[in-house]
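Protein chains: 2
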Amino acid sequence: MHFRYHVFFCLNEREPPDDCCARHGSIALQAYAKDRVKQLGLAGAGKVRINKAGCLDRCAQGPCMVVYPEGVWYTYVDRHDIDEIIESHLVGGKVVERLRLP
Amino acid sequence: MHFRYHVFFCLNEREPPDDCCARHGSIALQAYAKDRVKQLGLAGAGKVRINKAGCLDRCAQGPCMVVYPEGVWYTYVDRHDIDEIIESHLVGGKVVERLRLP
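As you go down the protein sequences, you meet chains A and B in turn. Heads up: the first sequence at position 85 corresponds to 85 in my numbering, and the numbers run straight through without jumps. Heads up: the second sequence at position 50 corresponds to 1050 in my numbering, and the numbers run straight through without jumps.
Extracted from the complex, chain A is given alone in its bound form (with noise of 0.2 Å):
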């Protein structure tokens, strides 16, 4: 693998009255968890990349991530979901299950 962690953040706006990921803040969090990465030392090669994405088509569940290669799908409110994520997961291993996706 070429990223341990690859992480995808939806980032697509639709107009209303369609929702969207970035009505949901996903830009800002997106911008905050790469950030959140590099202090930790956390990003590059072997390691982690956080990815802005166009739609991952599952915008009623939204806003939504993805993690590969383990395909695990997470939504989220806030910095805190954000850094919950990147320390059980990303550095720890063990999914958030509480904000997972089914």
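Bear in mind the hints are in silico, worked out from the structure with no lab data behind them. These numbers come from a predicted model, not from an experiment. Be aware that one or more of the hints could be misleading.
What the hints assert, rightly or not - A short, non-exhaustive set of chain A residues, derived as facing chain B with CB atoms under 10 Å:
#	residue
1	Met1
2	His6
3	Phe8
4	Leu11
5	His24
6	Ala28
7	Arg49
8	Asn51
9	Gly54
10	Leu56
11	Val66
12	Tyr68
13	Pro69
14	Leu101
To be verified - Listed next, the in silico DSS-like pairs over lysine-lysine satisfying Cα-Cα at most 27 Å (straight line):
#	chain 1	residue 1	chain 2	residue 2
15	A	Lys52	A	Lys94
16	B	Lys1052	B	Lys1094
17	A	Lys38	A	Lys94
18	B	Lys1038	A	Lys52
19	A	Lys38	A	Lys52
20	B	Lys1094	A	Lys34
21	A	Lys38	B	Lys1052
22	B	Lys1052	A	Lys52
23	B	Lys1034	B	Lys1052
24	A	Lys47	B	Lys1052
25	A	Lys52	B	Lys1034
26	A	Lys34	A	Lys52
27	A	Lys94	A	Lys34
28	B	Lys1034	B	Lys1047
29	B	Lys1047	B	Lys1094
30	B	Lys1052	A	Lys34
31	B	Lys1038	B	Lys1094
32	B	Lys1052	B	Lys1038
33	B	Lys1034	B	Lys1094
34	A	Lys47	A	Lys34
35	A	Lys94	A	Lys47
Note that CB positions come from ideal geometry on N, CA and C, so glycine has one too.
Place chain B on chain A using the hints.
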């Protein structure tokens, strides 16, 4: 896995003299791949998703895409290469070694 194959194309654009995947046709070829997968009836949950992504951080080896959950990285030149990746890997499950990134 929510998608059997989740494919991310780097569509990132950088200012010259920096090179970028967008300058090698990635935007048009991602759209082509997405249409082709839809035409073949492969698109959707449990099947294939062709996704837009921001910079995948392999600019020097681009244009690039990655297929998860396998974590197989490809470069490509034109529609012929995209067709081969779809038919061999996404339909047949066989990696296209000649286009694979190390």
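Hints versus structure:
1. Taking 10 Å as the C-beta contact cut-off toward chain B, the hint placing A/Met1 at the interface holds, the least distance being around 5 Å.
2. This hint holds: A/His6 has a C-beta 7 Å from the nearest C-beta of chain B, less than the 10 Å allowed.
3. Hint status for A/Phe8: holds, given a least beta-carbon distance of 7 Å to chain B, under 10 Å.
4. For A/Leu11, the shortest C-beta to C-beta distance to chain B is roughly 8 Å, which falls under 10 Å, so the interface hint holds.
5. This hint is violated: A/His24 has a C-beta 18 Å from the nearest C-beta of chain B, more than the 10 Å allowed.
6. Hint status for A/Ala28 relative to chain B: violated, with the closest Cβ pair at about 15 Å, above 10 Å.
7. Against a cut-off of 10 Å between C-beta atoms, the interface hint on A/Arg49 holds, since the closest Cβ of chain B lies about 6 Å away.
8. Given hint, A/Asn51 at the interface with chain B, holds; its Cβ is 6 Å from that chain's nearest Cβ, closer than 10 Å.
9. Annotation: interface hint on A/Gly54 holds; nearest CB of chain B at approximately 3 Å, less than 10 Å.
10. Checking A/Leu56 against chain B: minimum C-beta separation of about 7 Å stays under 10 Å; hint holds.
11. Annotation: interface hint on A/Val66 holds; nearest CB of chain B at approximately 7 Å, less than 10 Å.
12. A cut of 10 Å between beta carbons decides the hint on A/Tyr68: the least distance to chain B is about 4 Å, and the hint holds.
13. Taking 10 Å as the C-beta cut-off, the interface hint given for A/Pro69 holds, the closest approach to chain B being about 5 Å.
14. Because the beta carbon of A/Leu101 sits about 8 Å from the nearest beta carbon in chain B, less than 10 Å, this interface hint is met.
15. Distance check on the hinted pair: A/Lys52 and A/Lys94 sit about 23 Å apart at the alpha-carbon level, within 27 Å; holds.
16. About 23 Å separates the Cα atoms of B/Lys1052 and B/Lys1094, which keeps this hinted pair within 27 Å; it holds.
17. With a C-alpha separation of about 20 Å, the suggested pair A/Lys38 and A/Lys94 falls inside the 27 Å cut-off, and the hint holds.
18. At most 27 Å may separate the alpha-carbon atoms for a hinted pair to count; B/Lys1038 and A/Lys52 meet this at roughly 23 Å.
19. Annotation: proposed proximity of A/Lys38 to A/Lys52 holds, straight-line Cα distance about 15 Å (limit 27 Å).
20. A threshold of 27 Å between alpha carbons decides the hint, and for B/Lys1094 with A/Lys34 the separation of about 33 Å lies outside it, so the pair is violated.
21. Note on A/Lys38 and B/Lys1052: the hinted pairing holds, with a Cα-Cα distance of about 23 Å set against a maximum of 27 Å.
22. At most 27 Å may separate the alpha-carbon atoms for a hinted pair to count; B/Lys1052 and A/Lys52 meet this at roughly 9 Å.
23. Among the hinted pairs, B/Lys1034 with B/Lys1052 is consistent with the structure: their alpha-carbon atoms are about 10 Å apart, no more than 27 Å.
24. For the hint pairing A/Lys47 with B/Lys1052, the CA-to-CA distance comes to about 22 Å; that is within 27 Å, so the pair holds.
25. Distance check on the hinted pair: A/Lys52 and B/Lys1034 sit about 18 Å apart at the alpha-carbon level, within 27 Å; holds.
26. Between A/Lys34 and A/Lys52 the alpha-carbon distance is near 10 Å, which keeps this suggested pair within the 27 Å criterion.
27. Taken as a hint, the A/Lys94 and A/Lys34 pair is honoured in the structure, with Cα atoms around 19 Å apart against an allowance of 27 Å.
28. Straight-line distance between C-alpha atoms of B/Lys1034 and B/Lys1047 comes to about 13 Å, which keeps the hinted pair within the 27 Å bound.
29. For the given pair, B/Lys1047 sits about 16 Å from B/Lys1094 by alpha-carbon distance, which is consistent with the 27 Å threshold.
30. Annotation: proposed proximity of B/Lys1052 to A/Lys34 holds, straight-line Cα distance about 18 Å (limit 27 Å).
31. Taken as a hint, the B/Lys1038 and B/Lys1094 pair is honoured in the structure, with Cα atoms around 20 Å apart against an allowance of 27 Å.
32. Only pairs whose Cα atoms come within 27 Å are accepted, and B/Lys1052 paired with B/Lys1038 is accepted, the gap being roughly 15 Å.
33. The suggested pairing of B/Lys1034 with B/Lys1094 holds, with an alpha-carbon distance near 19 Å, which does not exceed 27 Å.
34. Restraint check for A/Lys47 and A/Lys34: the C-alpha separation of about 13 Å stays at or below 27 Å, so the hint holds.
35. Straight-line distance between C-alpha atoms of A/Lys94 and A/Lys47 comes to about 16 Å, which keeps the hinted pair within the 27 Å bound.
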